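Chemist: Read off the chains here:
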Amino acid sequence: MTTAPTSRTPDTPASEPPDRPGVSRRRLIGWVLASGTLAVAADLSSGAPSASAAVPSPPQVPEIFDLGDLQTNSALPTSQLIRIDLDEEGVAHFAIPRMEVGQGITTAAAMIIAEELDLPVDRVRVTLAPARPELVFNQLTGGSNTMQSMFTPIRVAAATARGALLQAAATELGAQLSALTTKAGVVTGPTGATLTYGQLSTLAASTEDVAVEVSLTPRREFSVIGTSHGRDDAVAAVTGRKQFTMDLFVEGALPTMVCRPPTLNGSPRAVRNLATVKAMPGVTDVVTVDTGVAVRAATFGQCIDAVRALDVQWNGGPVDGEDDESILAELRRAELPMVVPKVPVLASTLDLRVEFMFRSSAALEPNCAIADVRRDRATVWAGLKAPLVAQRNVARAVGLPISKVTVNVVTGGGSFGHKLFGDAAIEAAKISKAMGKPVKLMWHRADEPRQGRTHPMATSRVRATMLAGQVLTFEQRHTSVVTDFGHGLGERLTALAAELPANLGGLSLSQSIFTLTQELPYDFGVVTQLLNEVDTRFNTGSMRNIYSPDVATANELAVDQIAKRFGKDPYSFRMSFLRNAKAKRCLQAVAKAGGWGRALPKGVTQGIAVHTEYKGATAVLVELDTRPATVNRKIRDAVTGPRVTKAVIAVDAGLVVNPRGLEAQMMGGVADGIALALTSSNHLQDGHFLEASWDNYFYTRQWNVPPEFRCIVMPSDEELPGGAGEAGVAASVAAVACAYARATGKVPTRFPVNHGTVSFTPKSFVPSVPESPTDGLSYTS
Amino acid sequence: MPQHTFLVNGERVTVDVADDVRLLWVLRDVLRLTGPKYGCGINVCKACTSHVNGKAFNPCSVRVGDLAPDDEVTTIEGLADTVDADLHPMQQAWVDHDVAQCGYCQPGQIMAAVALVRRVRAEGRAITDADLDGIRNICRCGTYTRIREAIRDGAERM
Ligand code: FES
Ligand code: FES
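If you're matching them up, the sequences are chains P and L in order.
Under the numbering used here, the first sequence has 307 at position 307, and the numbering climbs by one with no breaks.
Start counting at 1 in the second sequence, then tack on 1000, and there's your number in the numbering used here.
These are computed hints drawn from the structure, not numbers from a lab.
All values derive from a computational prediction rather than experimental measurement.
Check each hint, because a few of them may be wrong.
Claimed, not checked - Derived SDA-like pairs (lysine to any residue); straight-line CA-CA distance at most 25 Å:
#1 P:LYS646 / L:ASP1153
#2 P:LYS278 / L:ASP1020
#3 P:LYS342 / P:ASP523
#4 P:LYS646 / L:GLU1149
#5 P:LYS602 / L:THR1082
#6 P:LYS437 / L:ARG1119
#7 P:LYS634 / L:ASP1020
#8 P:LYS437 / L:VAL1030
#9 P:LYS278 / L:THR1128
#10 P:LYS342 / P:GLN470
#11 P:LYS634 / L:VAL1030
Unchecked claim - In silico contact screen, one side only, chain L against chain P (beta carbon under 8 Å); selected entries:
#12 GLY1039
#13 ASN1058
#14 CYS1060
#15 ASP1066
#16 ALA1100
#17 CYS1102
#18 ILE1127
#19 ASP1133
#20 THR1143
Don't be surprised by glycine CBs; every beta carbon is placed ideally from N, CA and C.
I would like the entire structure built from these sequences, with the hints used as guidance.
Modeler: Shown next, in the form of structure tokens:
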């Protein structure tokens, strides 16, 4: 694919990286492992920034030590190796202890290895590691932390490999080490003699584990990192060869689905027609588990028929009778009071309260898992971002020791936080145990918004006081239905209690995470941001970010209102009050590229917003068309409404490994942001969510995509990559929300703005899944 | 059990399965052609989009018994065989524009795109923004902008 433009000679002291924060100048150690062909390793803690930095009160916690640091530092207590193997074909192999769900980490990892090893990117194969219990806390894909924590360890391992290859070549060619050069997987000696990495792979192998000191390629010599690369699985994806969990065929693992209760988290009491359903065509087994009644059959189509035929008596669920309004009332009661410090009597006050509805975090690939549980062991296959937690939970669920449970991580068809949890793997294991047979479990689409994880309903209150052109105080009280962090982050935080900045002491887990992620990038005097969470009855989780999209939306709406009070333009107001330089640069970039303030037809309005997190920044400018002809455009079974006609996003994500991959993440973030602001939510009524289809849950579709989209990747002199997977969402929702408020002259108090209208006829709750249509041949096109 | 015969990716197949099993499951569970994906089972998400006699359709919503012996089904696996290259031009455009993220929706997106280009071509016109707006395929990773770019590009190469 790409080769280094210049060949490289072994490192000299002059090429050492400059002394910068983030990269330690302490010696980096790699390992050459005992193996038949060259195998190298590096400790996952290589190059991790130290957690000992003092944390003064202002600036806020995340500016010094954020969630990414927490996850990076959580690797420190245990010694854990990542390993690269070089085969006799000269191909490097690396099993990354993270999950690929579309965010491009395998491509980025291949690029990093190619850089340090001086090998073409297409000679590097990155696969997903199965659950590795020895990694303890360090096998969780979340919080956009992958590149931040893996960057240096991967480089150290690859540099170790290159060093070992050079050593072997020097011996083989009888040449001085310094007289050798490497290029694209070939070592060249002083006489022009060459040896390929493949030829050297056995010669460079070691009979014992040896520690070696390495230095890394200085940033100015990067030739792969920072260039754009297509995804490593692009061809597999477009030919249908890319395999997801449901595409695997495990001996005997027949299609399996679950008939689920009509209300949220209800449970089965009795099946009234067991014999009839068992006798249906294709059906092999019907068993009752805690979540419903499971059916195993020759095809999923026959599972659907059987699920529809089941006559089950149900126990109610814990939220029976509840609805949006009752939960909102509960949140309102839980809102923490404001504690405005004493401000001069002449100060004016701005109050804002915004509500955020439940949202489904389901990916397009529904929850699914393969499980084969035997008397003495269990194996599962699933898309799992926290495979170790899943392993423990599967073991617990089927009553086996953890060591008897094998967890295979499969590439996921999207995650957005949904796959932090092993819900499907655990359920599949229980069903497999109950049936005594292997199963391939799939959730029906209808099950996803109705019984699957949601982003919790929340409210955000903001109170700001202002005097003489200054903001004296800015208080935020975020109140949310409890967010489930039972996917490993909690354990990390607990284990790391001693390492955490002092002012996190005494906070609950969710409050700690809130404090670690939320910061206000403005100079607004005394700032307090507090979280309170109530009600554990819902199935929740983060959704492409935890609190930020909601918090940022409330804040940025408030910022626009403050600017208005001061008679200032939203852009120039932000520029004068932002204290975060990265955010300022991003804002400036989108204002310029997007033409902030340009003349637009009446009914088309701009919105602009910023967000800072994971030590990076994003800014978004949108143009929103609210003209009647647009709002009322008709598309069958669709929610149309106002349309974002242009979106410009600028992102500073630290050192960028693959700009093209980063742009893709931002594109997805903007699509999410548009949906969260305008169209996508779950409606709770009578103890259940109404949504059961993608034509009920209105994630952004082509008819709501901005015809004009641009992503600006900001140059950065950081030495480490920041988070990217989630960075695009918060500023996008906020910008669309701000544009909507400006267009309508009224600040919306509820998101998404169309939540008040139920734009579809809810599907039946009994049966729990809709029938598959039969008229497909009359809709060919 | 009833037998059903039809063509899949250029080959005649015969399957033993009940009439009313939807074709998606015959393709995936019986014939093990896993390119067409399940995303809803009710003809909404379009992840299963394939071709029947050259036109886009959704096998999750067709009974296998409703196919005639000469009906020709093409799944993403067979798309490249309809041209004289390793990849169909639309697949190549997808690779060149680095469209896929998780990739789950993309087989369906590509099959929908190819059918769209054929349709507008038959109508003697070029693809419009309205055509692109009308594509119903969900992409939960939000790759829509690159999909639009790849379709226009792929159309020129087709
Ligand atoms: S699975 Fe066929 S349209 Fe969704
Ligand atoms: S690429 Fe993931 S759903 Fe489209």
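Chemist: For the restraint on CYS1060 of chain L, tell me whether the closest CB of chain P is nearer than 8 Å.
Modeler: OK, holds: CYS1060 of chain L within 8 Å of chain P, min 6 Å.
Chemist: Would you settle whether the hint for ILE1127 of chain L is holds or violated, based on the nearest Cβ-Cβ distance to chain P being less than 8 Å?
Modeler: Where the cut-off is 8 Å and the nearest Cβ of chain P is about 12 Å from ILE1127 of chain L, the hint is violated.
Chemist: Let me know if the C-beta of ALA1100 of chain L comes in closer than 8 Å to any C-beta of chain P, holds or violated.
Modeler: Hint holds; ALA1100 of chain L Cβ to chain P Cβ min 4 Å, cut 8 Å.
Chemist: CA of LYS278 of chain P to CA of ASP1020 of chain L, is that 25 Å or under?
Modeler: It holds: about 18 Å lies between the C-alpha atoms, which stays within 25 Å.
Chemist: Taking only the CA atoms, is the gap from LYS634 of chain P to VAL1030 of chain L under or equal to 25 Å?
Modeler: Since the Cα atoms of LYS634 of chain P and VAL1030 of chain L sit roughly 39 Å apart, the hinted pair is violated (cutoff 25 Å).
Chemist: Are LYS437 of chain P and VAL1030 of chain L close enough, with their CA atoms no more than 25 Å apart?
Modeler: Between LYS437 of chain P and VAL1030 of chain L the Cα gap is close to 19 Å, so the pair holds against 25 Å.
Chemist: Under the criterion that the straight-line Cα-Cα distance not exceed 25 Å, is the pair LYS646 of chain P, GLU1149 of chain L satisfied?
Modeler: holds (15 Å)
Chemist: Hold the hint about ASP1133 of chain L up to the distance rule: shortest CB distance to chain P must be less than 8 Å.
Modeler: holds (4 Å)
Chemist: Should the hint that GLY1039 of chain L touches chain P count as held when the rule is a Cβ pair under 8 Å?
Modeler: holds (5 Å)
Chemist: Could you grab the alpha-carbon distance between LYS278 of chain P and THR1128 of chain L and see if it respects the 25 Å cut-off?
Modeler: At roughly 51 Å apart (the allowed maximum being 25 Å), THR1128 of chain L and LYS278 of chain P break the hint.
Chemist: Between LYS342 of chain P and ASP523 of chain P, is the straight-line Cα distance small enough, at 25 Å or below?
Modeler: holds (18 Å)
Chemist: Need the status of pair LYS342 of chain P, GLN470 of chain P: alpha-carbon distance at most 25 Å?
Modeler: holds (15 Å)
Hint check: violations occur at hints 5, 6, 7, 9, 11, 18; the rest are consistent with the structure.
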